[in-house]
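Using the sequences and the accompanying hints, generate a full structural model.
Each chain, letter by letter, is given below.
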Amino acid sequence: MRLINRVPTPGLRIGLALLPLLLMALIYLSASAQRHAVNPDDKLLPSAAQMVTAVQHMGFEQDTRSGRYLLWADTGASLRRLALGLGLSAAIGLVFGIAAGTLPLFAAPVSPLVAVLSMIPPLAVLPILFIVFGLDELSKVMLITIGVAPMLVRDLEHQALQMPRELLIKAQTLGANTWTTITRVVLPQLLPRLLIALRLQLGCAWLFLISAEAIASTDGLGYRIFLMRRYLAMDVILPYVAWITLLAYSMDWLLRRLTARAFPWFAESGK
Amino acid sequence: MSAPAEAAAFLEFRHIWQEYGPHVVLENVSLSVNRGEFCTLVGASGCGKSTFLRLLLGQESPSRGRILLDGAALAAEPDATRGIVFQRYSVFPHLTVRDNVMLGLELQAARVVGRLYGSAKRQARETAEQMLASVGLTHSMALYPSRLSGGMQQRLALAQALVMRPRVLLLDEPFGALDPGIRRDMHGLLLDLWKQTGVTVFMVTHDLSEGFRLGTRLLVFDKLRVDPQHPQAYGARITYDIPLNQDRRAAVLDALPPDLVTQLSTREVSTS
Ligand SMILES: Nc1ncnc2c1ncn2[C@@H]1O[C@H](COP(=O)(O)OP(=O)(O)OP(=O)(O)O)[C@@H](O)[C@H]1O
Ligand SMILES: [Mg+2]
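First to last, the protein sequences are chains A and B.
Under the working numbering, read the first sequence as residues 870 to 1140, first letter to last.
Under the working numbering, read the second sequence as residues 10 to 281, first letter to last.
By construction, these hints were calculated from the structure, which means they are not laboratory data.
Even glycine gets a Cβ: it sits at the ideal position worked out from N, Cα and C.
Just so you know, not all the hints are guaranteed correct.
[To be verified] Where chain A lies over chain B, by a calculated footprint (3+ residues, C-beta under 8 angstroms):
(1) 81 to 88
(2) 113 to 120
(3) 167 to 176
[Stated by the list, open to error] Now the stretches of chain A that chain B is said to cover, found in silico as 3 or more residues with beta-carbon under 8 angstroms:
(4) 1028 to 1040
(5) 1049 to 1062
Below is the structure:
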């Protein structure tokens, strides 16, 4: 059988998916064990036991200074910023994207502007955000929004324009005006596409979040990682990175499930 | 020349030209159509049949000439007086079959929210379900269109358009993608619906036999003049206008002025 026609069975598929992860863990653990054999105090590649202790310390013991459980406090702070930034971006993306994608008079001034704005590297305006919005929450949320919203606007505008012209004409022959065309035809068809666009922007959103937290913050996952770097505390940094990865992956998974659940027609039409 | 008799026509095209830059698509097309006629439009690919429908729909305005519906200029954008069924993309993928038919009723009645509630909604639902029963989709009302076969989707599109009681129904190769057996069923269905509603139909088809079987009038679009150096310099006209299926037209013909009937009949003789 040709290679292009050979498909793994479900069991084999899971096995093959886990294989590289297991291999990586194995390589890491053996390298760590080797270094610890030479120097029991090695900090660069902490052993599994060291990391478990660190997680225990960060997540399940009160911090002596603040009295908080740091891992959960950091997670809460970061997720809050992320949710606010993504929520704001989604709202802006929907409103401007749909308006630009359905109203040519609105698109004429707005879509070239958004195309230009989306080319500004968000991190380059981070200092401006700190100056304008101060060093606290707002500037971090704004960084995520500035980084993500223009992409969502452009994507949704594009998706709205991609909708078959026939459907908009059909809606008009059914008595729709501009407003009801948008609310009953365009918006419902773009909502699942918004969720997909959000999933694609998750990586960027995390990047902006961690950057902002690393530069100016007193809590958050990004703040903690950069703080721990000073102490070469790889036993904390590595579990934190794994935790961030797990959070990002779960958010992606949740958005995917939500798309399938809330928009059964979308999954059925196979787009 | 202003002929007062002309003003009586239901739908009238007066010297319509449609040009896209230097490309002349339709050239001086004049036509008048009575209420309740079933016009089938045939012609070579690219000769402007869909363009003609777009003009009639109000999706485009003619470069020159006027289109009158009941003596008044046609609205310059699509509205509920003219329904349409395209070859594809006629139904909304995000609505179930029932909601697809209800949508028009809701949009028509609720201009701001576009939705009905309570007893008004129940009533719209009933109307929609009756319409769906008449196209044989009673058992698929809760499905999304992607689950329907091509023929079922076109039946849904017909129901969706007809529930609005449009004055004119435009069909652009509605059965082009269906296989012959289903096509024949659709012909029967379409004729039944046409008889029930008395709607004026314009249907583009590539299948000449379909055009002959369904229409009360066959309109052939063709270019009278062709410049081999500049194939786009001249547009198409209606070169044949053939009355058909007189028996089905009987009811309509009674309403026509007798002189027009003889005129139409002689034209049929001269072309066949
Ligand atoms: N918006 C437009 N701009 C420029 N040219 C156009 C436009 N719309 C249609 N045309 C041209 O007009 C001509 C007629 O197109 P139309 O779609 O009406 O043909 P048709 O008779 O429906 O063909 P078919 O049978 O293949 O559907 C084509 O040559 C097309 O390229
Ligand atoms: Mg066409």
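Original post:
Hint by hint, which ones does the structure fall short of?
Top reply: Every hint satisfied by this model.
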